[in-house]
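A.B. asks: The chain contents come next:
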Amino acid sequence: MFESLSLITLQQYWWLIVSLLGALFVFLMFVQGGETLFFTIAKNEEEKSLLVNTLGRKWEFTFTTLVTFGGAFFASFPLFYATSFGGAYWVWFAILISFVIQAVSYEFRRKPANFLGAKTYEIFLFINGLLGPLLVGTAVGTFFNGAMFSLDDMKHVTWGTEFRGLEAVLTFHNLALGFAVVFLSRILGLLYFMNSVDNEAIYERSKKQLLYNTIPFLVFFLYFVIALLFKDGFAYNPTSGEISIESYKYLHNLLAMPINTLMFLVGVVGVLWGISSTLLKGGTKGIWFAGGGTILTVWALLILTAFNNTSFYPSIFDLQSSLTIENASSSRFTLVAMSYVSLFVPFVLGYIWYAWKSMNNEKITTKELEQEHHVY
Amino acid sequence: MLEGISTSLVDWSRAQFALTAMYHWIFVPLTLGLGILVAIMETLYVKTGNPEWKRITKFWMTLFGINFAIGVATGIILEFEFGTNWSNYSWFVGDIFGAPLAIEGILAFFMESTFIAIMFFGWNKVSKKFHLLSTWLTAIGANLSALWILVANGWMQRPVGMIFNPETARMEMTSFWEVLFSPTAVYKFLHTTSSSFVLASIFVIGVSAWYILKGRDVIFARKSIVVAAIFGFTASMYTVITGDSSARDIAHNQSMKFAAFEGLYNGSEGAGLVALGLISQNQADPSNENLKDFTVKIEIPNILSYMAYLNWDAFVPGVNDMIRGNEKYGIMGAPEKISRGKTAIEKLTAYKLAKKSGDKIIADSLKTEIMSADFQKNYFKYFGYGYISDPHTLVPSIPLSFYSFHIMVVLGMYFIFFFLIALYYTLKGKIHKKKTFLRIAIWTIPLAYLASQAGWVLAEAGRQPWIIQDLMPTIAAVTKISTGAVQVTFWLFAIIFTTLLIAEIKIMMRQIKFGPKSEGGTN
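Protein sequences, first through last, are from chains A and B. Residue 99 is where the first sequence starts when you use my numbering, and the numbers rise one by one after that. Residue 454 is where the second sequence starts when you use my numbering, and the numbers rise one by one after that.
Hints may contain errors.
[As the list claims (entries may be wrong)] Here chain A is said to cover these stretches of chain B; the calculated rule only asks that three of the stretch's residues, wherever they fall, bring their Cβ under 8 Å from a Cβ of chain A: (1) 485 to 496; (2) 533 to 539; (3) 571 to 578; (4) 754 to 762; (5) 810 to 818; (6) 951 to 958.
No lab work stands behind these hints: they were computed from the structure. These numbers come from a predicted model, not from an experiment. Yeah, the Cβ is synthetic: ideal placement off N, Cα and C, and Gly gets one too.
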């Protein structure tokens with residue numbers, strides 16, 4: 099069935115999948131957001147344990163989604179993998195290290211004889227919670243603002259600065275996206291606490307924090323979107339492959355792809371509804387609206403970077419080295435083979451949903467933790 | 454093509470990969486094997502309804518969890534390291550290598566991470582049967598993730614199912630099934646997983662032996678030993694069979710590696726297998742003209758020929774035959790391969806030039822020539838040799854290959870007897886009296902790790918100088934970055950992973966000291 103599709107359709111199909119994984123990852127970073135709030139929300143050890151255990155049962159989904167995102171990106175657009183990972187060396191390693199220290203922290207935190215002490219592992223979680231979203235958001239900012247690489251005939255990457263990707267923080271637009279993601283992940287973390295922990299005090303404190311985090315989120319996010327509408331973008335000519343700067347490129351993309359624009363707007367409304375309904379009416383369902391909204395918004399933004407003849411990873415060091423879904427993709431054969439594998443995705447999502455549901459039927463309480471064999 | 458790449462950059466990048474891979478491999482085999490052992494124990498619990506089995510399951514599951522977390526932590530680095538430090542390689546093979554990696558994420562990692570949550574936290578939330586299914590799916594998910602990464606590694610040992618496309622300057626997949634079912638990949642998967650089962654079984658027996666020596670939790674320990682000894686013995690027999698097939702595959706497809714791990718400089722008919730030996734390194738005679746290759750050795754005649762070709766008198770080529778060539782046995786020498794590799798690189802450069810200058814006719818004809826079956830088979834096959842200037846760099850470290858191979862094999866044989874004895878003593882009800890054996894059992898745990906690491910050292914160091922056998926040497930694969938940057942990340946990982954390893958060992962030891970909890974009666 100996939101054999102009959104044209105190469106460009108396959109490339110677009112795979113961009114949709116990779117972007118969806120990216121969007122799911124941003125939603126699942128509620129784990130990271132929550133990790134920055136242990137010290138703020140919990141007032142005693144018991145409450146802290148509730149929060150840690152709530153996230154501790156979900157962190158692996160986020161982690162696995164990141165790994166799968168990396169794998170799927172490698173398989174479908176290997177030139178991005180080679181260029182960005184090899185090029186923006188420091189950024190990726192900083193992100194990875196923050197996830198390395200996370201992976202052991204839940205398991206080791208409260209175990210006797212854990213060498214570093216519970217506090218250190220909590221700080222590890224905090225570092226992961228802050229650096230993960232900040233760096234991922236800033237790195238995605240370079241999809242809109244460009245990075246400092248050039249490629250030779252053999253596609254070997256050379257990076258324009260010794261900072262190897264860290265220079266992205268000097269562009270405020272990148273950083274604004276980074277901070278927007280940080281505050282969004284904290285908002286999602288708070289909504290998740292309110293949804294799954296059965297504890298009055300935690301609920302109230304989370305609600306208060308929700309307001310404090312929404313304001314900076316809106317400031318950074320609105321700045322990012324408004325600046326995006328007015329900025330130049332990186333277009334390519336589908337026949338010659340030549341890259342050029344186009345004024346108002348992303349605004350043009352929004353107008354040229356109304357369905358995607360609609361998805362973006364629905365997503366933003368979903369996030370805002372999730373937050374405001376919780377603030378005004380209370381309840382525990384905010385995470386579903388804000389989470390679903392996050393997925394739609396991020397998905398639409400990532401589609402915006404690549405569709406309608408746009409370069410998704412532009413180079414501001416050597417414009418013609420910029421990556422597009424056409425010049426960075428795998429061969430037709432591999433994309434077709436991989437597309438068959440993608441048919442398993444709904445099945446995988448199905449069992450994740452089922453497992454998640456059977457585990458979350460009961461809210462987390464101190465009593466439940468006491469009966470549990472495996473506690474973080 | 455390789456301007457700005459220094460050998461120290463390659464060495465540091467390799468050191469970093471070796472460091473992270475070896476750390477990762479401390480934890481993975483235990484996860485692979487202990488996952489299955491725990492699932493077997495839980496099956497016994499569900500089948501018999503005996504709460505003692507639940508207690509046993511929960512105890513080993515706790516150790517599994519501690520070990521699993523750090524395996525995950527060390528694993529994520531590896532996936533991304535292909536991009537960060539081997540970016541030229543990532544592009545060159547991304548079309549083939551990426552697919553297994555993505556499938557690993559979609560099919561295996563999600564299975565593992567979804568059901569592990571139920572396995573740990575679902576005891577009181579889901580039915581007994583669903584919990585058991587989750588434990589099995591976690592174990593299967595873990596082993597499936599090993600499958601895909603080993604398929605990728607198998608392809609690096611023996612590239613199949615692809616064609617070189619000059620337009621994109623990379624290898625492109627032509628058959629997914631050839632990549633997946635390449636015998637090299639299949640043997641690698643079976644040998645790696647079965648040896649991991651061996652390691653986990655030894656771990657369970659060793660820890661249980663400690664309890665018996667201490668005179669506590671004896672019934673728990675004996676039951677654990679019976680399960681682990683049966684499972685371990687079966688797995689170790691299977692490891693031998695797959696190891697043998699793997700060796701034969703190496704003899705045919707990576708004959709230089711084969712010669713290196715046997716310390717065979719000059720080939721011969723009816724070659725003998727050096728069972729044990731001490732390599733003698735003579736700096737004045739690097740290609741070992743005088744055949745003083747070993748200080749001492751015990752050699753079993755004709756076995757090597759049989760092992761490689763199932764023929765007692767077959768000719769097994771040595772290092773020198775492959776460097777200089779051996780007309781009598783139709784072995785092409787290194788200079789000829791290097792010249793063919795250079796031809797392939799020149800053709801590619803000419804194609805790129807023609808393309809750049811817009812000379813479409815020349816470009817098209819060069820592309821057709823490069824992609825023709827004849828050129829791919831006779832020239833492109835040796836593409837990587839075009840980067841080699843000194844033929845002697847084609848020889849991997851012989852002592853490293855030889856010792857890692859022999860350590861692995863000797864220990865592997867020992868493990869078979871170890872399992873048999875453990876099983877015999879336990880079933881006869883005598884194990885608590887055999888103090889010496891119990892002490893040996895504890896000390897066998899580090900030996901299992903040693904054997905497992907040795908296997909990877911052989912597989913990877915034995916492939917040198919190649920990252921992809923014959924097609925790409927490490928020097929052409931590395932990311933162009935300052936050596937200092939790689940040194941910084943190398944030491945960073947060394948510090949982080951060592952710290953985490955210390956934490957894990959301390960936590961494990963403490964949990965073992967606590968022992969199985971006596972709360973198994975519920976449910």
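A.B. asks: Does each hint fit the structure? Answer for all of them.
C.D. replies: Comparing the hints with the structure gives:
1. 485 to 496: violated (count 0)
2. 533 to 539: holds (count 6)
3. 571 to 578: Result for this restraint: holds, n = 7.
4. 754 to 762: Per the Cβ count (0), the hint is violated.
5. 810 to 818: Since 0 is below three, the answer is violated.
6. 951 to 958: holds (count 5)
The structure fails hints 1, 4 and 5 (numbered hints given earlier, in ascending order).
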